[in-house]
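K.L.:
Residue strings, one per chain:
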Amino acid sequence: MTPEELFESQKKAVLNGDKEAARETARQALEMKVDLLKSIENGFGAGIREVGDLWEQGEYFLPELVQGADAMKAAMEVIQPELKARQQSRKVEGVVVIGTVEGDIHDIGKTLVATFLEANGFKVFDLGKDVPLTQFVDTAENEGASIICLSSLLTTTMTGHGRVVEMLKEKRLYGKVSVLVGGAPVTPEFAKEIGAHGYGANAVEALNQAVKIMEAV
Amino acid sequence: MSLQDLVKAKTVLLDGAMGTALMKRGLPPGMPGERWNLENPEAVRDVHAAYIGAGSDVVQTNTFGGTTLRLASHGLENRFEEINREAVRVAREAAGDDHIVAGNLGPSGLFMPPVGEADPGALEEAFTAQAEVLARAGAEAIFIETMLDLEEALLALRGAKKGAPGLAVSVCMIFEKKKKGFFSPMGNRPADSAKRLADEGADLVGANCSMGSVEMLEMASDMISAVEIPVVMKPNAGLPETKGTEVVYRQEPDDFAKDLLAMVKMGARAVGGCCGTDERFIGALRTGLDAL
Chain A
19 MTPEELFESQ KKAVLNGDKE AARETARQAL EMKVDLLKSI ENGFGAGIRE VGDLWEQGEY
79 FLPELVQGAD AMKAAMEVIQ PELKARQQSR KVEGVVVIGT VEGDIHDIGK TLVATFLEAN
139 GFKVFDLGKD VPLTQFVDTA ENEGASIICL SSLLTTTMTG HGRVVEMLKE KRLYGKVSVL
199 VGGAPVTPEF AKEIGAHGYG ANAVEALNQA VKIMEAV
Chain B
47 MSLQDLVKAK TVLLDGAMGT ALMKRGLPPG MPGERWNLEN PEAVRDVHAA YIGAGSDVVQ
107 TNTFGGTTLR LASHGLENRF EEINREAVRV AREAAGDDHI VAGNLGPSGL FMPPVGEADP
167 GALEEAFTAQ AEVLARAGAE AIFIETMLDL EEALLALRGA KKGAPGLAVS VCMIFEKKKK
227 GFFSPMGNRP ADSAKRLADE GADLVGANCS MGSVEMLEMA SDMISAVEIP VVMKPNAGLP
287 ETKGTEVVYR QEPDDFAKDL LAMVKMGARA VGGCCGTDER FIGALRTGLD AL
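Chains A and B, in that order, give the protein sequences.
Just add 18 to wherever you are in the first sequence, counting from 1, and you've got the numbering used here.
Just add 46 to wherever you are in the second sequence, counting from 1, and you've got the numbering used here.
No lab work stands behind these hints, which were simulated from the structure alone.
Please note: incorrect hints may appear among the correct ones.
[Unchecked claim] Below, simulated DSSO-like cross-link-like pairs (lysine-lysine); rule was C-alpha separation at most 30 Å, straight line: (1) B:Lys225 / A:Lys91; (2) A:Lys102 / A:Lys141; (3) A:Lys30 / B:Lys304; (4) B:Lys225 / A:Lys230; (5) B:Lys225 / A:Lys210; (6) A:Lys37 / B:Lys225; (7) A:Lys210 / B:Lys224; (8) A:Lys37 / B:Lys207; (9) B:Lys226 / A:Lys37; (10) A:Lys230 / B:Lys208; (11) B:Lys56 / A:Lys210; (12) A:Lys30 / B:Lys225; (13) A:Lys51 / A:Lys91; (14) A:Lys147 / B:Lys223.
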């Protein structure tokens, strides 16, 4: 098998949400001693990008998104230790702090965004749900994050998003740290109104926004 | 008169939003509305009374997050029976004997594989248990709503039929407008979903929440033409916006009613409002329906 054929099978594993195939083709990459970073970029990574495209086209839905991200995760679990041993590291696209805001316990979308960002090379600190607003800012400061992602399903917790933006301004971090907001009741107009830097209706849009922000950094 | 008979006789007017109505009456941010069945039942009754006054034929109990599974995430699962029982009691107080009290069942909040790890058997049991308490307390119908997943909707339907035998069961799902048409978050299509639910014994099927009346109007005919059983349409009052700490819905009651009356003309047999709607919306619908 050529490396290109291997990358193709890795891409398919993620596209099909096949965790077993993802693990197997990741192991093959180790055995064949191919460039692991190329494997991530042209193999599994190509798969997760296509999962995102298919979502945008309305062909893939939540189940396919989750399965693709899980397959990607499974592959990374095999590859990461080897990368560490070789003292290589995947290029970190950016550092992100994410969570569902204080008072809100809905987290499926947020977890999906976190998984998707991670699958696409971001270092993600997922603070979980019902996260105190100060924790977003403190973690971003301590970990050198460029982006804070805030999620709400309840309209009543949306006001927390604005407070996080205010807190960043108070700590003079507003330019350095960007804020992305999302969740069913959140809208682009709302995002603009509170001074957020972007809005994502789903995990794929969140990724696009995050990439855009990092390109401007 | 039972819901089944009522919907044969006329277009049924359901009620409006409960969650946003409770928030307007002071429900603190983050608190589940079901808590007020115990701590502030007068406010809940007030909401029902407002809808009855505006012309609703049916009021739905404040039990949207009332399964043991959902209540557990707020530490309330040990008050499960009380919460659901009290919800029916205050609804009945407002509805009297000449309006229908429907028990409301919302999503469990859990997801089955591959999205999550919930066990289908556990979900069905939870829905059965809730339907049972609601029926025993005097609910005359079971309204399953805001389902994101056809598979969970089917489990809820089975649970409702098991727990509340003889009561009419309505099942509404969430759909979103995507490039290729309308889909639930899990990828289910409205017409296919309606057919499956009807085949499995639903007495009414439809769509609620997630979109405003303008968008729901676009998907209505697909669903209506897919099944013989009555179709329910219950959109939001547009999309929510925040103004500081307040949440506002922009759509006007008359515009909302116009779209729903158009759906009735297409064949929808039960209409109402979801998030952001209030008694003004129900009033506008009542006026419109009476004029037809």
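K.L.:
Determine for every hint whether it applies to the structure shown.
P.N.:
Each hint tested on the structure:
1. Our distance criterion of 30 Å between C-alpha atoms is met by Lys225 (chain B) and Lys91 (chain A), whose separation comes to about 28 Å.
2. Proposed proximity of Lys102 (chain A) and Lys141 (chain A) is supported: the alpha carbons are some 15 Å apart, at most 30 Å.
3. With a C-alpha separation of about 48 Å, the suggested pairing of Lys30 (chain A) with Lys304 (chain B) is violated against the 30 Å cut-off.
4. Taking the CA atoms of Lys225 (chain B) and Lys230 (chain A), the gap is about 23 Å. The hint holds against a cut of 30 Å.
5. The straight-line distance between the Cα atoms of Lys225 (chain B) and Lys210 (chain A) is roughly 25 Å, inside the 30 Å bound, and the hint therefore holds.
6. Among the hinted pairs, Lys37 (chain A) with Lys225 (chain B) is consistent with the structure: their alpha-carbon atoms are about 29 Å apart, no more than 30 Å.
7. Restraint check for Lys210 (chain A) and Lys224 (chain B): the C-alpha separation of about 23 Å stays at or below 30 Å, so the hint holds.
8. Only pairs whose Cα atoms come within 30 Å are accepted, and Lys37 (chain A) paired with Lys207 (chain B) is rejected, the gap being roughly 37 Å.
9. The suggested pairing of Lys226 (chain B) with Lys37 (chain A) holds, with an alpha-carbon distance near 28 Å, which does not exceed 30 Å.
10. Pair hint Lys230 (chain A) plus Lys208 (chain B) does not hold up; C-alpha atoms about 52 Å apart against a cutoff of 30 Å.
11. For the hint pairing Lys56 (chain B) with Lys210 (chain A), the CA-to-CA distance comes to about 45 Å; that exceeds 30 Å, so the pair is violated.
12. Restraint check for Lys30 (chain A) and Lys225 (chain B): the C-alpha separation of about 24 Å stays at or below 30 Å, so the hint holds.
13. At roughly 20 Å between alpha-carbon atoms, Lys51 (chain A) and Lys91 (chain A) fall within 30 Å of each other, so this suggested pair holds.
14. Only pairs whose Cα atoms come within 30 Å are accepted, and Lys147 (chain A) paired with Lys223 (chain B) is accepted, the gap being roughly 27 Å.
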